[in-house]
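Asks: Listed here are the chains, written in short residue letters.
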Amino acid sequence: MTTETKTNKYGIGGARAKFGDRWAALPKWQRSLAFVAFVIFLYYLPYLGIPGLTWLRTDYIANGNNWAGVLFTCAVYVLIAIGLNVVIGLAGLLDLGYVGFFAVGAYSVALFGSTQSPIVKSLQAQFGLSEEWAVAWAVCIPIALCLAMISGVLLGGPTLRLRGDYLAIVTLGFGEIIRIVVRNVEWSGGPAGIAAIPGPQGKPSADNNIFGLIDAKPWYWLALTTVLLIVFLVRRLENSRVGRAWLAVREDEDAAAVMGVYPFKFKLWAFAIGAALGALSGLLYASRNGFIEPNMFNAQLSILFVAMVVVGGSGNMAGVALGAVLLAYLPERFREFSEWRFLVFGLALVIVMLLRPQGLIPSRRRSRELKDRQEEVAVGV
Amino acid sequence: MNFDELFGHLGQHTVDGLSKGAIYALVALGYTLVYGVLKLINFAHSEVFMVGTFAVLGTWTALGATSNPSVGMMILFLLAGLVAGAVASGATAVGVELIAYRRLRRMNAPPLIFLITAIGLSLVLSEAFGLWQGRLIKGMPTIVEREVLFTIGNTEITNTQLLTIVSALVMMVLLDVFINRTRYGRGVRAVAQNPDTAALMGVNKDRVILLIFLLGGLLAGAAALLYNVRYGNTRFNVGFLLGLKAFTAAVLGGIGNLRGALLGGLLLGVVEVYAATLTQSNWEDVAAFVVLVVVLLFRPTGLLGESLGRARA
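Which chain is which? The protein sequence lines are H and V, in order. Residue numbering for the first sequence follows UniProt numbering, beginning at 1 and increasing consecutively. Residue numbering for the second sequence follows UniProt numbering, beginning at 1 and increasing consecutively.
Simulated from the structure, these hints should not be mistaken for laboratory data. Some hints here could point you the wrong way.
[Said to hold, decoys possible] Below, simulated DMTMM-like cross-link-like pairs (lysine to aspartate or glutamate); rule was C-alpha separation at most 25 Å, straight line:
| id | chain 1 | residue 1 | chain 2 | residue 2 |
| --- | --- | --- | --- | --- |
| 1 | H | Lys-265 | H | Glu-253 |
| 2 | H | Lys-203 | H | Glu-131 |
| 3 | V | Lys-39 | H | Asp-252 |
| 4 | V | Lys-39 | H | Glu-253 |
| 5 | H | Lys-28 | H | Glu-238 |
| 6 | V | Lys-39 | H | Glu-251 |
| 7 | V | Lys-39 | H | Asp-254 |
| 8 | H | Lys-265 | H | Glu-238 |
| 9 | H | Lys-265 | H | Asp-254 |
| 10 | V | Lys-138 | H | Glu-339 |
Bear in mind the structure is a predicted one, so any value in this text is a computation, not a measurement.
This is chain H alone, in the form it adopts within the complex:
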């Protein structure tokens, strides 16, 4: 039963492993040089005109081209995927409500930074401030991170003691609850949403010559810089004591507990850190967009986020980044076929998972693990 599926299993994966080995064998200076070149290439991307690749229709300018805007979307999605990868890929917690944290970040900057938000208005009335006053954008960042970590702990505290499958439905419910709450309470702007969300240069206006609404390139560079910073930080975290604890908990919670790792504590940390990263990406997204409304944060988006992580290769940062870029870029590129987009998206998910169950670029540890499982296979469900 197993032998027939085993024959061509490691075809592509094998080639990749060899590439990985050769890469690891290169001298350090060559690797750093290649890395620097790659980063420069990423920053140069908005100017790069590759015919076919960069032609992206926009809906708000007739025949407009939105290459830089799509790059920004890709960068934000990569940030989301890296954050969710901490939760799913490293700690092994299936979180289907990640859009909730994304919404917390977006609403933090909207509610505290926009002059139109009910909260800012009531603060103005309370302290006799001018009508132009709102919390500065830079101050909104720590607010968003704090609120997200608090909501991560509030959600994780009671639910992380549950088993994996129960966690999935509870988090899915959490994402929906956040959306329904912001739609139904008065202090969040309700179903109409909130406009005039500030960026680094303050609220949207004609004076904003760098982070304006028209030119998306500076936004892309801002998002890219954030992504690179976060990649560096998460990589440090992955190789730390905390990261090893996550892997141990993911592989076998009971064994980890016996070995002196307290699973609940580390799972809660993973949840809080993942939430903070989700909020950061939500903040960037809302600032660029200038306007948010509750229906932007539906459960389908959550599922898309999980799909990015799993399709790319959960547990591997390069993999999840690739998954995020693909799933953000392809729908934009094929906007003309909008009716067919999600059908094809669903088909692609099924096919990728059936052909490469460990994702496009699997984590090396993960693929080894999968190999072991396949050897013991046969009867197990």
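Since the structure of chain H is already known, use the hints to place chain V on it.
Replies: Frame of chain H; chain V shown alone:
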């Protein structure tokens, strides 16, 4: 908070909630059956239900159904709808197992992979129906006209409510008997308890798994008929929210437990109707999830948390 309305018509709202919850319970049984045997959340089950609603609608259209038929025609339409819904949903469920799950099981893939293929397949199904049938809400003829059958106190019980609750209970009992009394049911319980040992004892595991997908599909088809009778419309994404609720119901009752799914479904329906009455329906979805979290806090395996395998083994 409209407490007067709730307590003034408590019986009415309870009956309404039970009839709403009966539909959740029938769909929840599909989740619970698959979970009980495979330890797997079948996310495509909501689309199995959606296919059923369209099959029922298609059959009624083909038979030329109009609103308010005579009693004989009404029974004919209901039976034809039941058969069509059950066949379509059952076939879809079996198709999901054959396409999405069987190959992955052979590879012994980690659970997350099953989840993503299921999500992908449910996207494919709902989008295919969106393209084929259009994305607008599709109304349908009122086969069973709502009328009050009898009154207890100030509680009016209508014929559709009675039909929904009674047929859900009947199907539930039939399923329970099938799982607990028949030879096939014994196979299901054996695989649920320990797949490897069951295989060694000569149970054909693949056939048992096909059987549970088929059973779940048949029940989802029946739920689709009841949904069409109750709400009188369907849509390509009708499965999403209903599937979510049904899964919540399954977890609430203790996933993997058949009677738990029934209890969870009915309870969830009642809670939702109460919450909708209190808050003018803004918060009913929130109430459902809050109840779920609270129950799981105190009973981490759901209300009747025991597995299919251990139930009367």
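Asks: Let me make sure I understand: some of the numbered hints might not hold for this structure. Which ones are they, in numerical order?
Replies: Those not satisfied: there are none.
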